[in-house]
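Throw the hints in and build the complete structure from the sequences for me.
Residue 137 is where the sequence shown starts when you use the working numbering, and the numbers rise one by one after that.
It should be emphasised that the hints constitute simulated quantities derived from the structure, not laboratory data.
Watch out, some of these pointers could steer you wrong.
Restraint ranges, calculated between C-beta atoms of paired labels, are given here [as the list claims (entries may be wrong)]:
1. 184 to 154: 16 to 22 Å
2. 245 to 183: 42 to 48 Å
3. 178 to 202: 19 to 25 Å
4. 200 to 174: 34 to 40 Å
5. 154 to 175: 34 to 40 Å
If you're wondering where the values come from, they're calculated on a predicted model, not measured in any experiment.
Glycine included, every Cβ here is placed at the ideal spot set by N, Cα and C.
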Amino acid sequence: MLTQTDILQALRDCYDPVLPCNIVDLGLIHSIAITPDVEAPGATIPGVPQKHIIEISVTPTQTEEAAIAQLSAQISNRLAGLEAISRTTITLLDTPIWSPLNITPAGRKTLGLDGNPHLVQIR
137 MLTQTDILQA
147 LRDCYDPVLP
157 CNIVDLGLIH
167 SIAITPDVEA
177 PGATIPGVPQ
187 KHIIEISVTP
197 TQTEEAAIAQ
207 LSAQISNRLA
217 GLEAISRTTI
227 TLLDTPIWSP
237 LNITPAGRKT
247 LGLDGNPHLV
257 QIR
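What follows is the structure, encoded as structure tokens:
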């Protein structure tokens, strides 16, 4: 059974177009919905693994069209590599606006911000 943890693990391979950190640790993933794809080829055949439709909401760090296109392509391509996924829909959110306060402790360490928990400026 495909889980949100599986999706998040896969998305750790996707990096922000500007910041040198993966999108999970940057806190860009807002929500993930996993729905069985009843129309996938073989869905009604016993023994054929279930395919899923993924709906993911992301808050990008950049508003530039090229950066957003790169981010979306990375997510789509990475999730297309998972056998259990038949289709992915990505929604880019304008609000809430991404903030460095969304970065996880692992992301802060990757970016060199772990020495000061109150530091929000990105170098």
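Which of the numbered hints are not met once you compare them with the structure shown?
1 and 3
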